[in-house]
Amino acid sequence: FKCLVLNIIILFIFTFSIFLPLLFVSLVVSEEPVWRDPFYNGSVIKERGAVVLRLAKSWFRIGSLEILTRTGELDVLRTLLDFVIKEHFKSIATNDPDKYVVFFSRVLNETAHLIAHWMSVGFAHDFVPNTSDDEGRYSIGAQANVGLFNLQKLLEALKPLLTSDQLSQSLQILREYPQIYHQRFHELFKAKLGFLGNEEKDSYVIAFLLKLMEDTGADFTMTFRQLSEVTLSRLQKGSFAPSLWALSDLSSSHKHFRDFVQLYLQRLLMIISDSDEERQHRMQG
Numbered sequence: 003f004k005c006l007v008l009n010i011i012i013l014f015i016f017t018f019s020i021f022l023p024l025l026f027v028s029l030v031v032s033e034e035p036v037w038r039d040p041f042y043n044g045s046v047i048k049e050r051g052a053v054v055l056r057l058a059k060s061w062f063r064i065g066s067l068e069i070l071t072r073t074g075e076l077d078v079l080r081t082l083l084d085f086v087i088k089e090h091f092k093s094i095a096t097n098d099p100d101k102y103v104v105f106f107s108r109v110l111n112e113t114a115h116l117i118a119h120w121m122s123v124g125f126a127h128d129f130v131p132n133t134s135d136d137e138g139r140y141s142i143g144a145q146a147n148v149g150l151f152n153l154q155k156l157l158e159a160l161k162p163l164l165t166s167d168q169l170s171q172s173l174q175i176l177r178e179y180p181q182i183y184h185q186r187f188h189e190l191f192k193a194k195l196g197f198l199g200n201e202e203k204d205s206y207v208i209a210f211l212l213k214l215m216e217d218t219g220a221d222f223t224m225t226f227r228q229l230s231e232v233t234l235s236r237l238q239k240g241s242f243a244p245s246l247w248a249l250s251d252l253s254s255s256h257k258h259f260r261d262f263v264q265l266y267l268q269r270l271l272m273i274i275s276d277s278d279e280e281r282q283h284r285m286q287g
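Numbering-wise, the numbering used here puts 209 at position 207 of the sequence shown, and it's gapless, one number per residue.
Since the hints were made in silico from the structure, they are not lab data. Since the model is a prediction, treat every value here as computed from it, not as a measurement. One thing to keep in mind: the hints can contain errors.
No more than 25 Å apart at the CA atoms, straight line, and that leaves these computed lysine-lysine pairs for DSS-like [as the list claims (entries may be wrong)]:
1) 92 / 161
2) 257 / 194
3) 59 / 48
4) 155 / 92
5) 192 / 161
6) 194 / 239
7) 88 / 192
8) 213 / 203
9) 213 / 194
10) 239 / 213
Turn these sequences into a full structure, and let the hints steer you where they fit.
Below you can see the structure in the form of structure tokens.
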């Protein structure tokens, strides 16, 4: 049995360098053929064998709780939850009568922040050969909503262990998810654009740029990177060096790019005594 181990080094280095929580991933490819039904339609074909290896500190999944709730194994459910809290949420007191509510709140906040972080770097966790997601539940545009869907399923799994008051608290926490997500999303994109303070039109400027990028299929990483490199005077003139190709492409391919630039410059000029160097340092930090 001969196999070739291919580590996905570039993805790991990138996500590690920006402190983006992610699993360690390796791909083990075999020269030995296997029979597979890749589209789950009964059409079996022979393919080269491969295994995707994902490593993490734990492999706790919401489904592990759901199945125990559905089968009525509440003692096992409580034991598993207590273990997860003890091992991975050490700041939650194990003798706290509201520990499951606190646990749910922590998971909700971390989920909202994680997905906002993913979106801020143009990353979707479903960029894998996953042919079973026919409806696009995990597509990049649905990341925030699927986070909410998963949290709803988590609360359903916790429900048998909660009092009526605790359930009411948890439902209120669940309703706060969109606000927590959008606030973090807003903070991250403000930082990417070099904004300081809060202005009424910040959300509009962010949404305007993202819409231009979506319309033109702009390179996500390089657009923001080059915005952090260009001087305001060059941005205003619309004169981009060859190294700023992403901005040049966006400028030439969308008629509203100049409108965005004017809004962006107006917003940056609100920051008193701010130099190109200071702004670029913030954006690249």
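Here is how each hint holds up against the structure:
1. 92 / 161: 22 Å, holds
2. 257 / 194: 23 Å, holds
3. 59 / 48: 34 Å, violated
4. 155 / 92: 23 Å, holds
5. 192 / 161: 37 Å, violated
6. 194 / 239: Measuring from Cα to Cα gives roughly 22 Å; hence the hint holds.
7. 88 / 192: 36 Å, violated
8. 213 / 203: 15 Å, holds
9. 213 / 194: 16 Å, holds
10. 239 / 213: 22 Å, holds
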